[in-house]
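Under this note's numbering, the first residue of the sequence shown is numbered 1, with each subsequent residue one higher.
Hint data in this document are derived by calculation from the structure and do not stem from the laboratory.
Take the hints with a grain of salt, since some may be wrong.
Claimed, not checked - EDC-like cross-link-like pairs, simulated, lysine to aspartate or glutamate; straight-line CA separation at most 16 Å: (1) 147 to 84; (2) 147 to 86; (3) 212 to 162; (4) 449 to 417; (5) 443 to 19; (6) 147 to 196; (7) 200 to 185; (8) 200 to 182.
Claimed, not checked - Here are the in silico distance ranges between beta carbons for each label pair: (9) 85 to 24: 36 to 44 Å; (10) 246 to 393: 50 to 58 Å; (11) 382 to 332: 28 to 36 Å.
Glycine included, each C-beta is placed from N, C-alpha and C at the ideal position.
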Amino acid sequence: MFVGIDLGTSGVKALLIGEDQSIIGSANGPLEVSRPAPGWSEQAPEDWLTATSTALGQLAAEHNLSGVEGIGLSGQMHGATLLDAEDRVLRPAILWNDTRSHAEASALDADPKFRGETGNIVFPGFTAPKLVWTRNHEPDVFGRVAKVLLPKDYLRLWLTGEYVSEMSDASGTSWFNPATRDWSDALLAATELSREHMPKLVEGSAVSGFLKADIASEFGMRSGIPVAGGGGDNAASAVGLGVSQPGEAFLSLGTSGVLFSASDGYAPAPGTALHTFCHALPDRWHQMGVILSATDALAWFARLAGASPSDLTKDLGDLLAPGRTMFLPYLGGERTPHNDAKVRGSFVGLEHTTDLAAATRAVLEGVAFAFRDSLEAMRATGKAPSQLVAVGGGSRSEAWLKILATTLGLPIAVPADGDFGAAFGAARLGMIAVGARRAEALKPPSIRKTIEPEPSLTEQFQSAYDRYRSLYIALKELS
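With these hints in hand, go ahead and build the complete structure from the sequences.
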């Protein structure tokens with residue numbers, strides 16, 4: 001058996017799978033986010049350990065874990081976990097969605113060597129600007145920092161006693177060069193840190209350490225079980241879906257939206273606000289477009305309309321050409337391709353004939369057009385996907401998937417029911433680390449159906465998308 005542990009923002013999930021990758025058991029430990037000031041988002045790393053213990057304890061109570069042969073880790077990216085020389089946590093971890101370091105991020109991004117070496121914009125959520133903020137605002141803490149770990153790598157320290165990260169998660173720190181798959185001494189020095197402050201690096205499918213005897217005993221596992229490098233949450237999800245070859249991609253319709261495309265080459269395009277990171281697999285990279293409001297936009301409109309999201313979408317009927325009413329889904333700014341934290345959303349072209357169904361279609365179309373922006377950014381680098389797999393809560397709406405397929409001009413496959421998330425991908429990486437063949441471990445999920453684009457409406461959707469792009473320019477000046 002194999003265990004995948006995913007450290008999310010709202011909880012830790014532990015997944016137990018068999019040698020045939022069937023799911024044997026699953027358990028969760030809850031987490032809460034602290035917001036002590038506007039724009040701040042923190043968690044106590046000790047709470048991650050408690051939640052992980054809760055999840056593993058539930059698994060151990062329901063299953064004999066003595067047959068576990070490998071463990072993989074995944075988790076929320078970008079968080080800054082600061083340790084002193086005795087491995088004591090110096091302050092609460094600053095999370096991926098914390099924006100306090102926006103000024104520090106802008107200053108680093110203005111230095112050409114950051115985009116030049118990382119291939120990415122320095123976003124406020126990334127790790128390096130958080131350390132600069134700490135240096136500027138909490139100098140006593142900064143002066144005692146001995147190690148900086150990402151969230152899942154703090155779990156690894158607890159499990160194995162090793163300071164280790166892997167390529168996909170390290171790519172989101174602004175200290176890492178995805179081309180060389182190594183830390184950048186120049187970027188570390190620019191933030192008054194050095195390689196000594198960083199964990200060593202392994203590939204996500206390689207062994208990073210071995211389970212300590214005390215942890216093994218607590219949960220009924222054997223001491224010395226290999227723990228794989230693992231992956232950042234989206235890279236691990238891609239492993240769970242078998243997305244590893246050039247042209248393969250997944251579209252995640254969750255609270256936010258992600259378009260993730262695997263590649264066998266490094267093609268950075270920081271001006272597009274795409275993330276260009278290493279994959280959790282050797283000799284693979286990925287590009288990722290992020291939209292900040294996907295199902296969140298539909299949920300917002302549903303609250304306004306006094307209905308549930310499923311009630312709004314279930315009776316939309318056949319796919320129609322976009323109407324005059326349009327929706328721009330920038331409820332909290334936008335990431336790809338605009339990197340615009342200030343812009344806000346809007347309905348445009350409301351008229352007497354705009355009924356509830358028309359407004360719902362406009363919301364679904366607006367989110368689809370935002371995904372198209374990410375796809376066009378990928379196409380500009382020559383690394384665009386040729387096929388998509390849809391995951392996330394929004395993928396249950398066939399009407400929305402039909403809009404997306406026609407907007408993107410790509411077929412969208414819908415997996416049969418199953419768990420293909422980050423914990424499953426982490427467990428797969430644990431399998432590969434102990435000798436499973438990569439091709440066999442990464443088999444794609446069974447497909448329940450494939451949603452094809454509607455060719456008779458391609459031209460109308462293209463015209464609507466062109467209008468959508470021009471509306472951002474106008475809205476930017478008004479937000």
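Supplied distance hint 28 to 36 Å, evaluated on CB atoms of residue 382 and residue 332: The hinted range 28 to 36 Å holds for residue 382 and residue 332, with Cβ atoms some 31 Å apart.
Given hint residue 86 paired with residue 147 - CA-CA distance at most 16 Å: It holds: about 10 Å lies between the C-alpha atoms, which stays within 16 Å.
Pair hint residue 443 and residue 19, alpha-carbon separation not exceeding 16 Å: Cα-Cα ~13 Å, so holds.
16 Å limit on alpha-carbon distance, applied to hinted pair residue 200 and residue 185: Satisfied, since the Cα-Cα distance of roughly 13 Å is no more than 16 Å.
Pair hint residue 212 and residue 162, alpha-carbon separation not exceeding 16 Å: Distance ~10 Å between residue 212 and residue 162 Cα, so the pair holds.
50 to 58 Å as the expected CB spacing between residue 393 and residue 246, which holds or is violated: Roughly 28 Å apart at Cβ, these two residues miss the hinted range, so it is violated.
Supplied distance hint 36 to 44 Å, evaluated on CB atoms of residue 85 and residue 24: 40 Å Cβ-Cβ, so the 36 to 44 Å window holds.
Given pair status - residue 417, residue 449, alpha carbons within 16 Å: 11 Å, holds
Residue 200 paired with residue 182 [C-alpha distance capped at 16 Å]: 9 Å, holds
Proposed proximity, residue 196 with residue 147 (alpha carbon, max 16 Å): Roughly 8 Å separates the two Cα atoms, so the pair holds.
Agreement of residue 147 and residue 84 with the hint, judged by alpha carbon distance not exceeding 16 Å: 7 Å, holds
Violated hint for the displayed structure: number 10, the only one.
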